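Engineer: Residues per chain are reported as follows:
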Amino acid sequence: MVGTSIKVVFSILLMGVLSYYGEQFFPWWIIVVVPAFIGALFSPGALGSFICGFLGVGSVWFGMAWFNHHQYEGLLSGKVSELLSLSNPMYLILLTGALGGLVGGLGALSGHSLRSFFLRKKRRNRNPLEGSW
Amino acid sequence: MRLLKTVFVLLLTLGTTFFLDNKWEEFPPLGPFLSPTHGFWANAKKEDLSVEEVIGVPHLRDEVRVYWDKHNIAHVVASNDHDLYVMQGYLTAFHRLWQMNTQVRKTAGRLSEVFGEDLLDFDRLQRRRGFAESAERMAKHIVLNDTVRSMVLAYTSGVNDYISQLAYKDYPFEYKLLGYEPEPWSAEKTCLLQKEMSSTLSFKSRDLENTNFLRSFGKDNFDLLYPESVGGLPDQRFMVEDFVDDFEAEIPPVPIGFDSIAFSSTSLPRHGSSVLDGSTVLAISPEKSATGNALFASQPDLDLSIPSLWYLIHLQSPSLNVMGASIPGFPGIVIGFNDSLAWGTTNGPRDNVDWYLVQFADETRDNYHYGENLHKTQHKIEEIDIRGRRAPFRDTLIFTHHGPVTYDRNFPLSDGNPSYDLSLRWSGHDLSNEPKVFYKINRASDLDSFYDAISGLLSPPQNVSFAHIGGDIGIWAQGYFPIKWAQQGVFILDGSDPSHDWGAAVPQDHVIYSINPDVGYLSSANERPVDPSSYPYYTYYGWYEHYRGRRLKEILDETEEVSVQDIMNIQNDNFNYVAFEILPILLDSLDTKSFKNEESQLYKRLSSWNYFNEADLSEPVYFEVWYELFRNALWDEILALPGTTTLPTDLTTAYLLKNYPSLPFWDNVVDGGVESLGATINRTYQLSLGKIRLWKKDHPETRLSWAAYKATSIKHLLKLPGFGVDNVWVGGRDHTLNAVTEDHGPSLRLIVELDKEKGPQAWMIYPGTQSGNPSDPSYHKWVKKWANGEYLKLLFSAQEEDIREHAKFVQEFFPIK
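For the record, the sequence lines run as chains A and B.
Heads up, the first sequence is in my numbering, so the first residue is 15 and it goes up one at a time.
Heads up, the second sequence is in my numbering, so the first residue is 46 and it goes up one at a time.
No wet-lab data here; the hints were simulated from the structure.
Quick caveat: nothing in here was measured; it's all calculated off a predicted structure.
One should not assume that every hint holds.
[Claimed, not checked] For the chain A half of the interface with chain B, some residues (derived, Cβ under 10 Å), not all of them:
| # | residue |
| --- | --- |
| 1 | Glu-37 |
| 2 | Ala-60 |
| 3 | Gly-77 |
| 4 | Tyr-86 |
| 5 | Ser-91 |
| 6 | Gly-92 |
| 7 | Val-94 |
| 8 | Glu-96 |
| 9 | Thr-110 |
| 10 | Gly-114 |
[To be verified] List time: in silico SDA-like cross-link candidates among lysine to any residue, alpha-carbon distance up to 20 Å:
| # | chain 1 | residue 1 | chain 2 | residue 2 |
| --- | --- | --- | --- | --- |
| 11 | B | Lys-214 | A | Leu-32 |
| 12 | B | Lys-214 | A | Ile-20 |
| 13 | B | Lys-50 | A | Phe-131 |
| 14 | B | Lys-68 | A | Leu-116 |
| 15 | B | Lys-214 | A | Tyr-34 |
| 16 | B | Lys-214 | A | Phe-131 |
| 17 | B | Lys-90 | A | Met-104 |
| 18 | B | Lys-68 | A | Pro-41 |
| 19 | B | Lys-90 | A | His-84 |
| 20 | B | Lys-214 | A | Phe-39 |
| 21 | B | Lys-90 | A | Leu-89 |
| 22 | B | Lys-90 | A | Phe-51 |
| 23 | B | Lys-214 | A | Tyr-35 |
| 24 | B | Lys-90 | A | Tyr-86 |
| 25 | B | Lys-214 | A | Leu-133 |
| 26 | B | Lys-214 | A | Phe-51 |
| 27 | B | Lys-68 | A | Leu-109 |
| 28 | B | Lys-826 | A | Leu-89 |
| 29 | B | Lys-50 | A | Phe-51 |
| 30 | B | Lys-90 | A | Leu-128 |
| 31 | B | Lys-50 | A | Leu-128 |
| 32 | B | Lys-50 | A | Leu-116 |
| 33 | B | Lys-764 | A | Leu-89 |
| 34 | B | Lys-214 | A | Gly-36 |
| 35 | B | Lys-760 | A | Leu-89 |
| 36 | B | Lys-50 | A | His-84 |
| 37 | B | Lys-50 | A | Arg-129 |
| 38 | B | Lys-829 | A | Leu-89 |
Beta carbons: idealized from backbone N, C-alpha and C, even for Gly.
Build the full structure now, drawing on both the sequences and the hints.
Structural biologist: Now the structure itself:
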């Protein structure tokens with residue numbers, strides 16, 4: 015249990031930090047690749063991987079968008095919200111976070127799936143965070 | 046099973062990523078667009094300028110210093126002209142990259158590549174008008190001149206140096222929103238932009254409208270309702286009043302039957318804009334100036350949009366010191382001033398567009414009838430790429446000796462049969478070298494070198510005016526004008542009749558001009574350039590202005606010594622000459638006896654209104670609404686015609702109302718009965734009151750005023766909601782000197798005092814700002830100042846130290862490999 019929690023926290027942090035730095039040098043889809051690698055290396059199970067990817071990348075995207083919105087007084091985020099028919103820029107920030115989270119989560123889940131496909135024989139103990147997979 | 050799951054998860058992940066990486070319907074590609082590092086968030090800015098201080102630019106030859114002043118205007122100081130144009134391209138791209146690329150896409154007919162099938166018909170029309178074809182020819186022509194080649198190529202490489210160092214995250218916002226990439230600039234794109242300017246200003250024709258009217262009402266009625274000069278009213282105050290021709294001109298005879306081209310019952314539909322693009326310039330000689338310094342002012346009236354058409358820049362090298370308004374994509378300054386003189390233009394085309402009815406010999410369309418013989422056509426296949434479609438759309442463009450066949454069976458003008466084959470003749474398609482003209486204007490130092498520079502300007506025809514620091518002022522109605530027989534091209538022409546072809550151009554020596562007139566000033570506001578009786582060539586144009594020029598001259602005649610403040614007042618003057626002429630006629634016919642209290646009060650207010658369309662007045666609303674309803678009721682016969690038509694001008698309308706009490710057109714058929722002119726005036730008055738009551742009901746929070754009713758809005762080029770400025774509080778209308786309509790008006794106001802001691806002093810404003818980035822806090826900062834009639838004082842000097850002293854930020858650019 016304790017081992018899993020550490021794994022989860024460690025994964026979230028690593029996915030967030032590495033996705034953030036990865037995006038400085040690679041296109042936006044690096045947020046699929048980074049969680050996939052980490053998901054493959056430290057898989058806390060299928061659902062666990064997805065949640066880690068979602069929280070890791072999602073919180074970075076949400077946080078950056080939120081910070082950006084406030085730093086630049088919503089000059090552009092306000093206009094873009096209007097353009098996308100969102101009544102409040104907060105929804106745009108949430109959408110940004112959710113989208114990053116979704117993609118990051120799927121990336122991590124893919125990493126986990128690949129890992130478990132190739133390493134399935136080595137896996138013995140099912141952990142409680144693993145979903146119905 | 047596990048394999049299946051893994052494959053499913055991988056496909057889901059890849060599919061989602063792919064989906065988000067691409068544009069679907071009207072949504073941007075959400076993945077890259079929403080990424081806080083790469084997407085639109087990365088375009089957010091706090092400071093006006095958040096740029097590095099030292100930057101390498103591959104195509105520079107030497108170090109260049111750029112001083113940014115508090116208005117965000119760049120003052121470029123280079124050791125050679127090549128670097129000056131590299132930097133102009135670089136900085137323009139820095140602020141306006143998306144705008145300049147989009148404008149040339151529009152001209153070239155390449156919008157479908159970005160916007161998809163919706164714009165295919167527009168693209169086809171642009172290609173069928175031949176813009177891309179003539180820009181291509183022009184690009185090959187202008188680079189034959191060494192000076193122009195090095196200028197255009199330097200500018201081009203500056204733009205491309207800027208583009209090449211951009212990553213996705215640096216792209217202008219609009220590229221991210223629409224999901225495409227900036228394209229490299231080229232000499233051909235500069236030529237496309239020149240065609241865009243030319244077509245905006247001179248691609249205007251009423252041939253179809255006139256032909257429609259002619260067919261239904263006959264030539265006598267046409268000449269009565271659309272006269273070339275209107276008698277009986279105060280004269281139109283020609284741009285040049287004292288013109289004396291001292292040359293022989295050969296005018297071709299009028300061919301018999303030119304006004305009876307056979308058109309069947311099919312009506313011709315509207316095929317282009319008929320917006321009036323006006324402008325005002327004035328030049329004051331030292332004798333008439335309050336300070337004894339020559340004064341100059343220029344105010345081009347155009348469609349208002351954000352980003353603004355104009356980009357201000359100051360270019361300085363050992364051989365050049367020039368400042369003013371440039372057009373993104375075009376090297377040099379278009380309207381501005383240097384150490385010696387200030388210049389500007391108003392639009393001055395005559396009938397520069399004509400349509401020829403073509404008779405092809407057979408279905409292959411390889412030949413057409415011309416004179417006694419058959420002439421060969423040329424075929425060109427246009428390929429239009431469309432976003433979301435694999436194969437390009439192919440369109441066959443056929444050329445006659447007149448020009449491209451814009452309308453034919455594949456692109457019919459009307460739905461009816463037969464579909465007319467109409468070939469276009471437009472002066473803007475002829476070879477010219479406008480980049481060279483502006484290169485030379487920027488360097489002109491006296492009257493002779495200025496005239497030498499402008500005499501090369503062919504398209505668009507412009508009334509070019511200047512004032513020199515030594516006191517000379519001058520104006521020329523410059524451009525390429527074909528010699529025509531009277532009324533040639535007023536109606537659709539016969540493409541098979543050689544006598545309908547355009548003649549040679551009016552010789553440059555026969556240009557209409559004025560230099561240093563006795564009155565001490567020169568002005569132009571798109572009025573007829575000269576009294577037709579004192580100039581042998583045919584000067585017809587459907588859009589001559591009849592009001593702004595008169596008002597301008599009246600003010601200048603009354604003002605003994607003109608100051609800069611006087612010119613500011615002139616540029617913001619809202620006197621409504623149309624109301625001055627028409628309203629008394631309308632009020633005289635009102636049946637006031639039956640008026641209730643409220644109506645009487647309004648009648649009194651309208652009777653004592655001073656005809657100024659000021660922003661906060663409500664009288665202009667009552668007049669404008671009434672007049673529009675009345676005009677449409679008056680000319681209902683014309684509006685009822687199927688197909689496109691144009692109404693007689695306000696000037697002609699007022700003249701006919703005064704002088705023709707019983708014209709058949711005056712009678713209206715309403716509810717089966719015939720209504721007299723007086724009854725129409727009274728009925729439309731009541732209608733207008735109802736319309737305004739409705740407006741008040743819809744705007745319960747707003748006090749009725751001209752500005753609120755007019756609701757001028759300056760929209761983003763893509764008309765994105767929230768990206769422009771709506772409900773700008775500003776007075777004026779078309780035909781007032783402050784010619785602001787709901788979306789059109791003074792796109793720039795420039796005033797220069799050519800101070801003999803301190804050098805040129807300049808004031809300027811335009812509705813927008815330098816930055817084209819919608820997240821820039823200054824994005825539309827100047828709109829309010831512009832609406833209020835305020836100006837920015839420009840920083841200008843021949844000394845780099847003066848510029849340095851007032852700069853808020855300095856950048857150094859240096860060559861890199």
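Engineer: List, from low to high, the hint numbers that the structure doesn't satisfy.
Structural biologist: The structure conflicts with hints 12, 16, 22, 25, 26, 30 and 36, although it agrees with all the remaining ones.
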